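Trainee: These protein sequence lines map, in sequence, to chains A and B. According to this note's numbering, the first sequence is numbered sequentially starting from 25. According to this note's numbering, the second sequence is numbered sequentially starting from 25.
Think of the hints as simulated: they come from the structure by calculation, not from any bench. All values reported here derive from a predicted model rather than from experimental measurement.
Which copy is meant is left open, because identical chains are indistinguishable; a pair holds if it fits in one copy or across any two.
Simulated crosslink set (BS3-like; lysine-lysine; CA at most 27 Å straight-line):
#1 145 with 261
#2 168 with 261
#3 249 with 145
#4 138 with 249
2 protein chains.
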Amino acid sequence: MKTIAHVTAPAFQPLYRQIKTLITQSLVSGEWRPGDLIPSEIELASRFSVSQGTVRKAIGELADQNLLVRQQGKGTFVASHSEERSQFPYLRITPDRGALDDLVATLLDCRKLKLDAASGKKLGLAAGSGAFLITRVMSISARKAIFEEIRLPATRFKGLSAETIEQHHCMMYSMYETEFDVRILHVEEQIKAIAAERTAAGHLGVPEGTPLLVIERVAYTYADKAVELRRSYCSTKEHHYRNRIV
Amino acid sequence: MKTIAHVTAPAFQPLYRQIKTLITQSLVSGEWRPGDLIPSEIELASRFSVSQGTVRKAIGELADQNLLVRQQGKGTFVASHSEERSQFPYLRITPDRGALDDLVATLLDCRKLKLDAASGKKLGLAAGSGAFLITRVMSISARKAIFEEIRLPATRFKGLSAETIEQHHCMMYSMYETEFDVRILHVEEQIKAIAAERTAAGHLGVPEGTPLLVIERVAYTYADKAVELRRSYCSTKEHHYRNRIV
DNA sequence: GAGTGGTCTAGACCACTCA
DNA sequence: GAGTGGTCTAGACCACTCA
Chain A
25 MKTIAHVTAP AFQPLYRQIK TLITQSLVSG EWRPGDLIPS EIELASRFSV SQGTVRKAIG
85 ELADQNLLVR QQGKGTFVAS HSEERSQFPY LRITPDRGAL DDLVATLLDC RKLKLDAASG
145 KKLGLAAGSG AFLITRVMSI SARKAIFEEI RLPATRFKGL SAETIEQHHC MMYSMYETEF
205 DVRILHVEEQ IKAIAAERTA AGHLGVPEGT PLLVIERVAY TYADKAVELR RSYCSTKEHH
265 YRNRIV
Chain B
25 MKTIAHVTAP AFQPLYRQIK TLITQSLVSG EWRPGDLIPS EIELASRFSV SQGTVRKAIG
85 ELADQNLLVR QQGKGTFVAS HSEERSQFPY LRITPDRGAL DDLVATLLDC RKLKLDAASG
145 KKLGLAAGSG AFLITRVMSI SARKAIFEEI RLPATRFKGL SAETIEQHHC MMYSMYETEF
205 DVRILHVEEQ IKAIAAERTA AGHLGVPEGT PLLVIERVAY TYADKAVELR RSYCSTKEHH
265 YRNRIV
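Generate coordinates for the entire structure from the input sequences, incorporating the hints supplied.
Mentor: What follows is the structure in structure tokens.
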């Protein structure tokens, strides 16, 4: 039995963290939207009546968290999932040989349902709350690799339809921020190995019983609020999940 | 077909990066060893004839890479795998419920062999190079969770024995740095799902054919030099692999 | 109270982008 | 050439640790 030390209230909040909070508020409120250029460091410094160095430190932490992107000579931009290079950090399945090319997502279905208790709890909602269930298959280099089910709370994604998803070429996180002002900031994943049951086996074109990876993902937006549940079934005959630990 | 932009030679190397290189050299050379207190920022600044701020920035990057650990009021220390909190980042298997308590590693075998071509290549060695093969089982809360095979190049781990491993209670990365001056800085993992064959099934106490996670790990030291190969077979009945992506 | 890392400032200058 | 982020300095002061 271990005792965990009490977490004391943050006694002291340095200036640059207060600035960081102010900048974050402008991001949350939508004053600056994904892809936007935010005011220069010097302008922010005078707006907040602090030195440029203090603003830099605040922006630096936000850039480390991938909320902002700095570009020397151009300025500082709000990070966006709509940019090419933003796609890959969240897609950890990759071919055993060759590049992650030719990524094709095929939407199978998008319909409404009521959340079961477990899913509701993960999203901070009551059992029976309305949600969308999206199912799709992703192929890499013409080989079926992932079958996934995505659950989204109906209240945040009002009006979602198959058409909306297809307009965005199934680039979900880009769609969330463009269409619904929902910005995914980080995800937590739990990975297990299971034997393929009928549904996943069928969609992936493998025999029932084939070992698959199952990835249970919860995606979070500001204030660590869960806004997406995703279960991905991955065939690892020709693909694998990659990870780097520092 | 995509064209990748040419990587231009680093035209400009800021001062703090040069300082960072100098500090790294002192770490590589063993002038400062894991757990050691390094000189204060002010002392390093005068040694290198730069301002404290420049040293701070260099140390900051090294701290971000987990090479150094700063402690306000005390000083800056060389990071070490021998500390309690250093164990967990590299152990991603965790129980579905309850804490990661009661971690017990049982050494099965430690013997010498010659590397096959594939393993040799990953370690930057010729096929047939001498290596140690360590096999062990790890249990979490008295439940067998992981069976793993670890391959270490004989030249870097001269004199390794089962006794050495057991003296360190199977805390491998701590042992590497204490006994062999090999400091693991990061690892790359590839995860697949497979059906348990006889050996892994036996060690994990599951039926043959049970879906298991297989994690192929390559561990790196300074200059991105590979120094350990590890294959872990994980039962995911009551455990899972956790990951966080930002 | 001495010593450490942590914060903050003001100011200079550099590297880069774009018109 | 004007504007941006990036580097570097010197100096002040703060929070924390330890004797």
